[in-house]
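Just so you know, the sequences run in chain order A and B. Just so it is clear: in the first sequence, position 103 is 103 by my numbering, and no numbers are missing. Just so it is clear: in the second sequence, position 40 is 40 by my numbering, and no numbers are missing.
I should point out that these hints are in silico values taken from the structure, not numbers from a laboratory. Keep in mind that this is a model prediction, so the values were computed, not measured. C-beta: ideal position from N, C-alpha, C; glycine also. It cannot be assumed that every hint is accurate.
[Said to hold, decoys possible] Derived coverage of chain A by chain B (criterion: at least 3 residues anywhere in the stretch with Cβ under 8 Å from a Cβ of chain B; other residues may be distant): (1) 2–15; (2) 52–59.
[Said to hold, decoys possible] If you only want the chain A side, here are some residues facing chain B, beta carbon under 8 Å, derived: (3) C153; (4) P184; (5) A188; (6) E192.
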Amino acid sequence: MKNFTYYPGCTLRTKAKELDRCARVCAEILGINLEEPADWQCCGGAYTTAKDEIATKLSAVRVLNSAKEAGNPLITVCSACHNVIKQTNYDISHDDEMCGKVNRYLGLSENYSGETIVYHYLEMLRDVIGFENLAKQVKKPLKGVKIAPYYGCLLLRPKKALAMDDPENPSIMENFIKAIGGTPVVYAQRNECCGAYTIFEDKNQAVERSAKIAESAREMGADMIITACPLCMYNLKKNSGCDIPVRYFTEVLAEALGVEEVGNEQ
Amino acid sequence: MNSKNENLKEQVLRASGVNVLKCMRCGKCSGTCPAYGEMEYHPHQFVYMIEKGDIEKLMNSPSIYRCLTCFACVDRCPRGVEPAKAVEAVRLMAVRKQDGNRLKPEQIPDMLDEDMPQQAIVTALRKYRK
């Protein structure tokens, strides 16, 4: 068993329970022990890049430090949480002024300056388990299913902080799909933004963006779109006007690993 | 440039960490921006207008609420200018002003539906108010 400190984030506890449940069930099957800190706080959903913002970055630092104290790497599932935590960790390691301000504010027993290693769940599958080993554990391969991976923006960019994959030609989700027996569909809009939070400024912006993405996946023959992000899921389901099923990557993983009744709690 | 504009420019440069002088005006940021069609001022114009000290025009433009912070311009700029960070700094200056909040909590209940993820609400509040 390998231990990770697990950060679910606000939405996995509410509207994206199946994203969370499947992540936990699959981790157990794969021999990964997820330890959820008792006192985690919402990451805020978006990283504030401004150098004169400190308070908005503290919840991410708290959970990073909590993993450091537990001696674990930190693992995330939601793309937005992952982005906020990775950018915070990058800046605190590279910007001495920010690091100093954060630590003076938090008053930890030992300063936090970027020591924790952060994995997205997909990176854990690739780098800790290995896609070849994952493929060996698959009980119900998604044979013949053409799956369009939707990266969106937050998993890949900015590259220097996220460092997960090539943001212009990513392969981690395609290789994940191959490992669970499906056929990946490569399409032009896989790494472009879904319209995100602009639903609160002008819903049409999200409608246009998400329709473009779904249309691009449909043109390339996708039977299904998968995502790691609850807001991408919402925009693709509610605002794209497209009827291709959209699912969380942990749901298809759970199905492939033979977990019963996936998707019923959504 | 008058001293007020000089001061606003200084604040944006300091908060964003962006060096506008690195821009070579290739327009790639705007060419790749998924919000281009929704913006009055486009990413390359933000960079140029900040250089000129035209900050108030940007602060008063709805363009600052249209940026998706998707970092496409940040990663695709051949000069590492990071325009999205400049947009963010201008937006923060606008929402930090007295009564500058773009989104008020009391507006939110009418905008919700049963599938709206919490992530959307917290992100919008972070972007559109202080």
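Now for the hints, and whether the structure bears them out:
1. As drawn, the region 2–15 of chain A meets chain B at 5 residues by the rule of a beta-carbon pair under 8 Å; at three or more, the given contact holds.
2. With 3 residues having a beta carbon nearer than 8 Å to a beta carbon of chain B, the region 52–59 of chain A meets the requirement of three or more and the stated coverage holds.
3. Annotation: interface hint on C153(A) holds; nearest CB of chain B at approximately 4 Å, less than 8 Å.
4. The closest approach between the C-beta of P184(A) and any C-beta of chain B is roughly 22 Å, which is over the 8 Å cut-off, so the hint fails.
5. Restraint check, A188(A) versus chain B: the minimum CB separation of about 12 Å is more than 8 Å; hint violated.
6. Using the Cβ-Cβ criterion of 8 Å, the hint placing E192(A) at the interface with chain B is satisfied: the shortest such distance is roughly 5 Å.
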